[in-house]
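Protein chains in written order, with my numbering: chain A, 2 to 158; chain B, 188 to 513.
In short, the hints are calculated from the structure, not lab data.
Be aware that one or more of the hints could be misleading.
Unchecked claim - Below, a sample of chain B positions facing chain A; criterion: calculated Cβ distance under 10 Å: (1) Y207; (2) L220; (3) D421; (4) G422; (5) G424; (6) S440; (7) T450; (8) V458; (9) G460.
From the three backbone atoms N, C-alpha and C, an ideal C-beta is built for every residue, glycine too.
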Amino acid sequence: MRKVMLIVCACACAGVVAVAGLASAADDLAQAVKERRALMDDVVRPAAKLGGDMIKGKIPFDADKAAAAMLEISDVPETYVTLFPAGSEADAVPDSEASPKIWEDFEGFKELAQKLEETSTAAAAAAEQGAGPFKAAFGEMTQMCKKCHKAYRVKKD
Amino acid sequence: MRRAFLVILALVAAGAMAFYLLTMPVTVPASALPEHAPDLANGKLMFTAAGCAECHAAPAGACDDLDIKDETVLVGGRCLKSDFGTFHVPNISPDKDTGIGNWTTLDFVNAMKRGIAPGGVHLYPAFPYTSYQRMTYEDLIDLKAYLDTLPAVNHTAPAHALRFPYNIRRGLGLFQRLYVDGKSFTPDPKASDAVNRGAYLVLAPGHCTECHSPRTAFGGIIASKAFAGAKSPDGDGTVPNITPSADGIGDWSADDIAYLLETGNTPDFDVIGETMVPVQENMAKLDPEDREAIATFLKSLPPRPNAVQKSKAKDKSKATGDEADN
Chain A
2 MRKVMLIVCA CACAGVVAVA GLASAADDLA QAVKERRALM DDVVRPAAKL
52 GGDMIKGKIP FDADKAAAAM LEISDVPETY VTLFPAGSEA DAVPDSEASP
102 KIWEDFEGFK ELAQKLEETS TAAAAAAEQG AGPFKAAFGE MTQMCKKCHK
152 AYRVKKD
Chain B
188 MRRAFLVILA LVAAGAMAFY LLTMPVTVPA SALPEHAPDL ANGKLMFTAA
238 GCAECHAAPA GACDDLDIKD ETVLVGGRCL KSDFGTFHVP NISPDKDTGI
288 GNWTTLDFVN AMKRGIAPGG VHLYPAFPYT SYQRMTYEDL IDLKAYLDTL
338 PAVNHTAPAH ALRFPYNIRR GLGLFQRLYV DGKSFTPDPK ASDAVNRGAY
388 LVLAPGHCTE CHSPRTAFGG IIASKAFAGA KSPDGDGTVP NITPSADGIG
438 DWSADDIAYL LETGNTPDFD VIGETMVPVQ ENMAKLDPED REAIATFLKS
488 LPPRPNAVQK SKAKDKSKAT GDEADN
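Looking at chain A on its own, in the form it has when it is part of the complex (with noise of 0.2 Å):
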């Protein structure tokens, strides 16, 4: 009798471990996708932007900020791809816009994050040069967030 108590209590422990440990996994995953949208949406897209607003003349070009701006962003990318555990795509986790074929084609994924990087570093060396070259880089630097985003983004609306 006193075996199977113990037989019983050692099971259910073990359940909850396992319940527990699913639960973090969840959580980690959650976690993930949290880190990886905040480096977009609070790092990269307002530094864009203001590289943005000064190729459109909403506010005047400014070479050390456009240069500093260029350089946060090249920050970005080593850590970035470090934020996509298995199991963290769009349909696996509410906030997460990651497509599968991030995982199908990691490489691939990382190669564009490296050019984001690659760019936004000429970017911050081409504001030194001046508004005319800055824009060229610029742009150069956006397509690498176009294709990206084309090839490894589900949409939500």
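Based on the hints, put chain B in the right spot on chain A.
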């Protein structure tokens, strides 16, 4: 009893007769075509503005893959899923057997302005002749001449797979009676040249109205809500409001709109997605002046509230309140 039967028979016959008459194909006469030497450069511009390849070029992958293989090879094969069933886009390459190589310019004009193919065949408005009908005869003649220069490929696309009653082509005559009159765009003499050029590009070849406006139960555009957003044609998610209202793009400048059409970036640097990508990539090939004209026209539209509620496409139950435009 016998009299009642005769009355019913007469009513059915009258109904059938009315249906037959109301759905008669209406076509443009040859006399409507102006004398015009085709301008291939303008034909190519119309081809780009009208986005012909977005649907008629073969998809790069599966039939619903938005990427295309080669924009000059218009063999069809793309599938468009809709509430009515699945449309399979036909071959419009100049192949004589399986494409439109045997069509005259008048045949082509009737397809574009009346939704009628040779032989009086009603075309489904998934082919957006409701917008193309506003194109000028000259632009249509140029476009036909340009299409004739593209490679002819022998390939038969699958037949449409539509639900009853939408599978009865003849019924489209009723739709056409309501929404097709074949009248070319007429510029507004009070508006600027830019607004008129933009209006033409948006309303006629660009067929922006088709996705960005809500429809009636009969499938027509609700004019009072044009451009105020709509349910996605494939049923998944919504298409945004592009009128200058608080719900729409009221806080975008004309430059912001032109920049989006050139690059795919919104003013706050989100990147457009899904079916707008191939559209934007065509818009990027236009002259900057044409993109600016489109922007100027969109800014001149009456501001309208959203015609449909935005919904998160795939996670309706779990959606948090902060997704806004992301």
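Going down the list of hints, with the structure as the test:
no. : hint : result
1   : Y207 : violated (44 Å)
2   : L220 : violated (41 Å)
3   : D421 : violated (13 Å)
4   : G422 : violated (13 Å)
5   : G424 : holds (5 Å)
6   : S440 : holds (8 Å)
7   : T450 : holds (5 Å)
8   : V458 : holds (4 Å)
9   : G460 : holds (3 Å)
Checked against the numbered hints given earlier, this structure breaks hints 1, 2, 3 and 4; the rest are met.
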